[in-house]
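If you read the protein sequences in the order shown, they are chains V and E.
Note that my numbering numbers the first sequence so that position 85 is 85, with each residue one more than the last.
Quick note, my numbering runs 1000 ahead of the 1-based positions in the second sequence.
There could be a bad hint or two in this list.
[Said to hold, decoys possible] Going by beta-carbon spacing under 8 Å, a handful of chain V positions derived as facing chain E:
id, residue
1, R4
2, A26
3, D31
4, E35
5, I37
6, G40
7, Q47
8, E50
9, T51
10, Q54
11, E55
12, G84
13, A85
14, F125
The set of hints was computed from the structure by calculation and includes no laboratory data.
The beta-carbon is built from N, C-alpha and C at its ideal position, and this holds for glycine as well.
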Amino acid sequence: MAGRKIRVLIAKPGLDGHDRGAKIVARALRDAGMEVIYTGLHQTPEQIAETAIQEDVDIVGLSCLSGAHMTLFPKVMDLLRERGAGDIIVTGGGIIPEEDVPLLKKAGIAAIFGPGTPLEEIIEFHRKAAGK
Amino acid sequence: MELTERVLQGDRRALARLISLAEDSEPGAKEDMAVIHSRTGRAHVIGVTGPPGAGKSTLIDRLAKSYRLLNKKIGIIAIDPSSPFTGGAILGDRIRMSELSTDPGVFIRSMGTRGHLGGLSCATADAIRILDAFGMDKVIVETVGAGQSEVEIASHAHTTILVEMPGLGDDIQTIKAGIMEIGDIFVVNKADRQGADRTEAELRAMLDLSDANPPWKPPILKTVASSNEGITELRDTIESHYGYLMQSGELGKLNRDRAKAELLHIMRNSVADSIQAGPNSRFEKAVDMVLARKTDPYSAAEKLLADYCTNAEKAQPFRAKMNRHKQ
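Using the sequences plus the hints, can you model the full thing?
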């Protein structure tokens, strides 16, 4: 079966153990025909960046509900850039206060999907961003 | 710099990209694989198969770590099923291999089956080749959770490990044809659970029923991958199997069989593809004729193949198609 597939990494950086949201998004992207690599809980930014490279994903989705997003999200971004993979799109989800969103976008995070974001919107974003 | 060149120089991003190109059958991937192929033949390919939940991913994680102690470079290909409805997939084998992600001597790639049956994905052979050319000493392939007839791994791996666990069916399962026949090494994982001895005994009884003095008698090992028990023994057993393959000349035979099977597979596909894409929708007309009961499938196929063979010019649509891509 030929054709370019959209590949997405859904990762949970840091120490929070709440992965229901991440799993729902992973499942929705799967049902939209994408290949979703799911790495489970408690990933370090280094593990996430390296996994994104090995799996050649188009997009990395980071989920964080612990409040550490301002440290963890930009760190993943920096590591990707360091390794010549700054073209991989990074998005975030979870409990992210309104005022942090512009700062995260400035750090290179392409989109933030807070609670209540319709899954269709997330799928549409991934399709457009991957350009496939 | 060419992508293949970057791969051969050890660029991991290029390695990942090239696997995607092969997997997506992108134009140019075949030329890249031609370059890669000439640099392969060094890696020992280890297949790990068995039912879902037997602990294949965890076992591979521990096995890879054990090989890292010997300074071996490890490529891992982990295959999970794609949805037959949407083509999407959740690839989750890496969950059990987190710590390996940041080891520079390890490269893990998850693949969806993308409609391919048999336990592997359509581009597994190419991914093995690319990791081999990259310089991996061992390439470990984890099949999808396998049932009874997902035996394709045996034609890609030098050493096939069948992972079982206690409590799955009785001894009749062990004498059925199919997956039980392809193991070079049997592993009873989760051996701390009740019934492990019985599972081992049933496997042993099955093996004792076969050829009295086979040149390689598949050993049965007990492991508890989650607590790293039996892993060193497994690694050493894999190495003795590889040693046996080399000394007995079986390795050369296996490689020859593999090349033969792959060549046949590619030829079948490209002949079928080009007949289907042939001129004047001859193929579609043949389908109509079969449906209208004016001819039967065997005669129609014979006619299409005969046309294909006599028409020398159109018998090279594969080249023509590649040139089209280049324009």
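What hints, given by number in increasing order, does this structure fail?
14
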